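From first to last, the protein sequence lines stand for chains A and B.
In our numbering, each residue's number is its place in the first sequence (first place is 1) plus 975.
In our numbering, each residue's number is its place in the second sequence (first place is 1) plus 489.
It is worth saying that the hints were derived from the structure and are not from the lab.
Incorrect hints may have been included.
To be verified - Mimicking EDC-like on lysine to aspartate or glutamate, the simulated pairs with C-alpha atoms at most 16 Å apart in a straight line are:
#	chain 1	residue 1	chain 2	residue 2
1	B	Lys557	B	Asp573
2	B	Lys560	B	Asp544
3	B	Lys560	B	Asp506
4	B	Lys545	B	Glu504
5	B	Lys526	A	Glu1078
6	B	Lys531	A	Glu1083
7	B	Lys526	A	Glu1083
8	B	Lys557	B	Asp538
9	B	Lys557	B	Asp520
As the list claims (entries may be wrong) - Among the chain A residues that face chain B by a calculated CB cut under 10 Å, a handful are:
#	residue
10	Gln1019
11	Gly1033
12	Phe1035
13	Leu1065
Computed from a predicted model, the values in this text were never measured in an experiment.
Note that CB positions come from ideal geometry on N, CA and C, so glycine has one too.
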Amino acid sequence: DAGVTQSPTHLIKTRGQQVTLRCSPKSGHDTVSWYQQALGQGPQFIFQYYEEEERQRGNFPDRFSGHQFPNYSSELNVNALLLGDSALYLCASSLDSAGGTGELFFGEGSRLTVL
Amino acid sequence: GESVGLHLPTLSVQEGDNSIINCAYSNSASDYFIWYKQESGKGPQFIIDIRSNMDKRQGQRVTVLLNKTVKHLSLQIAATQPGDSAVYFCAEGMNTGFQKLVFGTGTRLLVSP
């Protein structure tokens, strides 16, 4: 049973570019959340997708957008990259019917470096 | 705003010792708290959680204590092993069904053989 998988694992971009990160949730999960983890910090919630809709959003600008596909996989897009966007981007999946405390399963992340 | 923080950024212990990692939280409305372990190059891994109506919960070698009076959370690891070396985060959430977690900055646990 595959867990949460993310791609790419590492990537380097320059300021102003755009990036797309991908996530496949754990088998049987229908909800995907994205977190940004700056070096030495805890993860910060970006947004969550359920039934192909953005259901909740953290304090991130509109440059951060996402999508969820019918197979529950998800993409995170970041436009007009800034140096401060350099971070580990984590995808977490869960089962909505498990309720508010349903366990989140995290992927290993995509390490983005913006030069 | 909401915040979850940790008192100690690094904790060094000897193998076999008991470890205690502390966390302060500010949102008294949080419904549950979770401890995560993050090893280098990996995503956070669930350790144990506790609901706000509890003050103690035990797992395998781990115990979480919640003191709502002083808004304090701790993770106790018994007989710490080198494999426990990692960064530990506390996180809090609410029963919205959306599982939006607020994480602290983390404590690095270093276990010496």
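Here's how the hints hold up against the structure:
| no. | hint | verdict |
| --- | --- | --- |
| 1 | B/Lys557 <-> B/Asp573 | violated, 27 Å |
| 2 | B/Lys560 <-> B/Asp544 | holds, 11 Å |
| 3 | B/Lys560 <-> B/Asp506 | violated, 26 Å |
| 4 | B/Lys545 <-> B/Glu504 | violated, 25 Å |
| 5 | B/Lys526 <-> A/Glu1078 | holds, 14 Å |
| 6 | B/Lys531 <-> A/Glu1083 | holds, 5 Å |
| 7 | B/Lys526 <-> A/Glu1083 | holds, 12 Å |
| 8 | B/Lys557 <-> B/Asp538 | holds, 15 Å |
| 9 | B/Lys557 <-> B/Asp520 | holds, 11 Å |
| 10 | Gln1019 | holds, 7 Å |
| 11 | Gly1033 | holds, 7 Å |
| 12 | Phe1035 | violated, 12 Å |
| 13 | Leu1065 | holds, 5 Å |
Violation of the numbered hints given earlier is confined to hints 1, 3, 4 and 12; the remaining hints are satisfied by the structure.
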